[in-house]
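Engineer: All chains, please: the whole structure from these sequences, using the hints.
In the order they appear, the protein sequences are chains A and B. Just so you know, we're using the working numbering here: the first sequence kicks off at 2 and counts up by one. Just so you know, we're using the working numbering here: the second sequence kicks off at 198 and counts up by one.
Accuracy of the hints is not assured; some may be wrong.
[Claimed, not checked] What follows is a set of in silico ranges between Cβ atoms, one per label pair, in the way DEER data are often shown:
| hint | chain 1 | residue 1 | chain 2 | residue 2 | range |
| --- | --- | --- | --- | --- | --- |
| 1 | A | SER108 | B | ASP293 | 11 to 21 Å |
| 2 | B | ASP200 | A | SER95 | 12 to 22 Å |
| 3 | B | THR249 | A | PRO105 | 33 to 43 Å |
| 4 | A | PRO105 | B | ALA311 | 53 to 63 Å |
| 5 | B | VAL224 | A | ALA35 | 18 to 28 Å |
| 6 | B | ARG263 | A | ALA65 | 28 to 38 Å |
[As the list claims (entries may be wrong)] Partial selection, computed: residues in chain A whose CB lies under 8 Å from chain B:
| hint | residue |
| --- | --- |
| 7 | GLU33 |
| 8 | ALA36 |
| 9 | TYR37 |
| 10 | LEU89 |
| 11 | ASP110 |
| 12 | VAL111 |
I should point out that these hints are in silico values taken from the structure, not numbers from a laboratory. Positions of the beta carbon are idealized from the N, C-alpha and C atoms, including for glycine.
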Amino acid sequence: MRCFPAQVSGTASAGRILPGGLGFLRPPAEIELAAYGLDLRGLRVADIGAGEGRLALGAARDAASVLAIDPDRGALARGRAEARRQGLPNVKFSEGAAQSLRLPDASFDVVIFSWTL
Amino acid sequence: MVDALQEAHRILVPHGVFVDARPDSRVPARVRARTARGRVIGTIGTQRPTKTDDQLSDRAVHEVVRRKIFRSRRHGRLWHAIPFEDSAELNDYLRDHLRFSRRVEWSVSAARRATPLFVERAVRFEILEKL
Numbered sequence: 002m003r004c005f006p007a008q009v010s011g012t013a014s015a016g017r018i019l020p021g022g023l024g025f026l027r028p029p030a031e032i033e034l035a036a037y038g039l040d041l042r043g044l045r046v047a048d049i050g051a052g053e054g055r056l057a058l059g060a061a062r063d064a065a066s067v068l069a070i071d072p073d074r075g076a077l078a079r080g081r082a083e084a085r086r087q088g089l090p091n092v093k094f095s096e097g098a099a100q101s102l103r104l105p106d107a108s109f110d111v112v113i114f115s116w117t118l
Numbered sequence: 198m199v200d201a202l203q204e205a206h207r208i209l210v211p212h213g214v215f216v217d218a219r220p221d222s223r224v225p226a227r228v229r230a231r232t233a234r235g236r237v238i239g240t241i242g243t244q245r246p247t248k249t250d251d252q253l254s255d256r257a258v259h260e261v262v263r264r265k266i267f268r269s270r271r272h273g274r275l276w277h278a279i280p281f282e283d284s285a286e287l288n289d290y291l292r293d294h295l296r297f298s299r300r301v302e303w304s305v306s307a308a309r310r311a312t313p314l315f316v317e318r319a320v321r322f323e324i325l326e327k328l
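Structural biologist: As structure tokens, this is what we get:
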């Protein structure tokens, strides 16, 4: 996987404290995704427990495609509307639960559980 | 929780990346005065049931690493600051919060609680690789 060898090593940044975003109840996507240190360009990403797509929309700016999954239909509808507003056609929102994903095997390069477990 | 991790494992390509990010209940949130980098004048703990849930999540992650279906590649923590006009607004926020304790453990007297206030909380993350 391109994002791994290039960006991540076994010991890099362990325990490093990074600045968080300001003014949001949760960190802005760009801050949180930057902290992960992953290069999402060209990758297929699944954001499980995505809610309104805070991270999914952020990831969609780099990733080839993003699937945002959440059981809350209202949150998904708001996410879809925001994706349209931001002009991000590569992010899809779908109803589902983390423990029983109706998705094919080996279909994503990156899976994100943020505030999910 | 292990079920959810196994599902994540199933949908990932070989050597795919799994990210687990959560508020870090092992570290109290800090209440800072005036600015997001201001003096720490209080702390906020985590509700006991939430702490227990977080420990179960930690165990689930340890379990999938122990079973060698994932391996940990990196972990870290970021700090996220949430601004409040004053302690009344902060108390309103805490009243219905699902994670934080209902009250601030102030380390200064009420008279020295300069405003605005910033609650800085830790978010931990772990990057795992599918094996």
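Engineer: So, for every hint listed, does it hold in this structure?
Structural biologist: Structure-based check of all given hints:
1. A:SER108 x B:ASP293: 11 to 21 Å: violated (38 Å)
2. B:ASP200 x A:SER95: 12 to 22 Å: holds (19 Å)
3. B:THR249 x A:PRO105: 33 to 43 Å: holds (35 Å)
4. A:PRO105 x B:ALA311: 53 to 63 Å: holds (55 Å)
5. B:VAL224 x A:ALA35: 18 to 28 Å: Roughly 20 Å apart at Cβ, these two residues keep to the hinted range, so it holds.
6. B:ARG263 x A:ALA65: 28 to 38 Å: holds (33 Å)
7. GLU33: holds (7 Å)
8. ALA36: holds (5 Å)
9. TYR37: Status holds, d = 6 Å.
10. LEU89: violated (20 Å)
11. ASP110: Hint holds; ASP110 of chain A Cβ to chain B Cβ min 5 Å, cut 8 Å.
12. VAL111: holds (5 Å)
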